[in-house]
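Construct the complete structure from the given sequences, taking the supplied hints into account.
Top line first, the protein sequences correspond to chains A and B. Heads up: the first sequence runs through residues 12 to 198, numbered per the working numbering. Heads up: the second sequence runs through residues 12 to 357, numbered per the working numbering.
It is worth saying that the hints were derived from the structure and are not from the lab. As the structure is a prediction and not an experimental result, all values here were calculated from the model. Glycine residues also receive a C-beta, built at the ideal position from the N, C-alpha and C atoms. It is possible that part of the hints are untrue.
Here are some, though not all, of the chain A residues that point toward chain B, as calculated from beta-carbon distances under 8 Å [claimed, not checked]:
hint: 1; residue: Gln70
hint: 2; residue: Phe73
hint: 3; residue: Ala139
hint: 4; residue: Tyr149
DSS-like mimics (lysine-lysine), calculated; alpha carbons at most 30 Å apart, straight line [as the list claims (entries may be wrong)]:
hint: 5; chain 1: B; residue 1: Lys248; chain 2: A; residue 2: Lys78
hint: 6; chain 1: B; residue 1: Lys248; chain 2: B; residue 2: Lys223
hint: 7; chain 1: B; residue 1: Lys248; chain 2: B; residue 2: Lys314
hint: 8; chain 1: A; residue 1: Lys78; chain 2: B; residue 2: Lys249
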Amino acid sequence: MALLTAVDEVAADDPVIEQSLARTSGVDIHALYSAHWRYLVRLAVLLVDDRASAEDVVQDAFVALHKRQDSLRDPDAALAYLRASVVNLSRSVLRKRQVARRHVKVAEPEATAPADQDVLLRDEHRAALAAVRALPRYQREVLILRYWSGLSEREIAQTLGIAPGSVKSAASRGLATLQRVLGGEPA
Amino acid sequence: MSDPHLERRLGEAFDAAARSSVPDAASPPPPHFMTQPTPSRHGRIRWIAPLAAAAAVAVVAGSVVALQGNGGGGRKGNPPSALAAVHIKLATTGDQTYGVGIPVVAYFSRQFASAKSLSAATSVTVNGTAMHGAWYFESSTQPGYPVEGHLRLEKYWPANSTVTVNVAARQASAGGGVAFSNDVQLSFRTGPQVVATVEDQKHRMYVTRDGKPFGVYRVALGAAATPTTRGIKVIMKKSPSVCMHDVNGTYRECGIKYAQQLTYAGEYLHAAPWNEGNIERGRDTAGNGCTNLMPSAAATLWKVLTVGDVVEYPDASGPKMQVSAGYGDWNVPWRTWQRGGLIPTL
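Here you go:
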């Protein structure tokens, strides 16, 4: 059975396609929404740890895209824009949460609250996620985009607005910390 | 320096966390941007075919349905189905040229008991001559519009013609004391009669235009695990290039060119430069039931085929295509069609 959904993207350098672009130009935000909603909420969940905030983040990202729909003609660029929005909005969720926590309580037993879903996960996954959660922001984001989203260094650099070299070093520092925390198991 | 074991463990942990928080079955709520003013220059949003059964998005030819209740929070939409009249929403865009297999598609805002007076209120002309068209209904996944109706003639539309559809249903009975709330009209043209026949055994696609042979192209269809469905399909949408992904979000591939959509679930005709060897050798290895074409053939077919053109798969190895899997209209015998399906028309 067919299991694919698809989203238009516009390839610019093709004469056959160029001819038909008059009819098909523009970003189809509804198609993007139905095709990428789950992927983006999952990405946001990894960044903010709870589904309700993750869904809000994704809604806000689409509202932002909707506002500048006309300036984005290329759906691939639109997805990149959504991804970057999700990362940015997730950061501000975490920032707000930290501020709130500072006001409520001085001493938390843990540096960050574990995701409620973690109880359903296997121990080795739970340990890995906790270790990632304790990493500095950029390192966490890079590892999630690298090993879950499967983005290239260049794409991660674009998403985070940093140099590809910084992506490389954030990844290797993050991995080194995890290696230390989780203990090197023989491959 | 990188440790493949650690990298794999990370990937698996992320994946497990993502899936346990957002299961595969999770479907998107009505988008918040639907309640925002549309910034488009034309004040219109283009209609798109729903891309998956899970797509909780209702947009039709220039009209946006307000899905949110009182803004914010609400997960469940507040569709117009609360009204005691059946609203008809035309999904087919007018003033365009379509292939001869195009169905006229409309959505209905609530279930209703009888389409008898709707049929009586519907008139179809081809080049000014009245023709007998009939409605056929199925349930729909469009929020607020639980019924989808398709209107067609017994045979494909005549080629190179002008078609008008007039549904003067306002205040006509929908059965059970309920009436239709509005009229709809549509006018479109048909192009040449282009029929593509994909023969799985021969691994060839034969294309005729207005009855004359136009070309023969090598194809590779879906692999055994993901076979291509059998039956008569219609091109629903053309995309110069698409990103495809499976329902689990585990597979993603972008830059798939000359994509012409045949089913909601995602069977396409498309260029498959990575699969040239198998197309040449006539092996069905394409993932996900798509019809893989050599890039040059895909480019030619992109130019020749339009939305509404017919693509027949008489001997594909998959199950028979369901009507609602796409524009599966032509797989229903005319006798059955005339009875109306979900809602009786007689």
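Okay, the hints, checked on the actual structure:
Hint status for glutamine 70 of chain A: holds, given a least beta-carbon distance of 4 Å to chain B, under 8 Å. The interface hint given for phenylalanine 73 of chain A holds, since its Cβ lies 5 Å from the closest Cβ of chain B, which is under the 8 Å cut-off. The closest approach between the C-beta of alanine 139 of chain A and any C-beta of chain B is roughly 4 Å, which is under the 8 Å cut-off, so the hint is satisfied. Here the hint on tyrosine 149 of chain A is broken, as its CB sits about 16 Å from the closest CB of chain B, past 8 Å.
In summary, the hint linking lysine 248 of chain B to lysine 78 of chain A is supported, as the alpha carbons are separated by about 26 Å, within the 30 Å threshold. Taken as a hint, the lysine 248 of chain B and lysine 223 of chain B pair is honoured in the structure, with Cα atoms around 25 Å apart against an allowance of 30 Å. Between the alpha carbons of lysine 248 of chain B and lysine 314 of chain B the distance comes to roughly 13 Å, so the proposed pair stays at or under 30 Å and holds. Of the pairs offered as hints, the one joining lysine 78 of chain A and lysine 249 of chain B holds, with about 26 Å between alpha carbons and a cut-off of 30 Å not exceeded.
When each numbered hint is compared with the structure, a violation occurs for hint 4 only.
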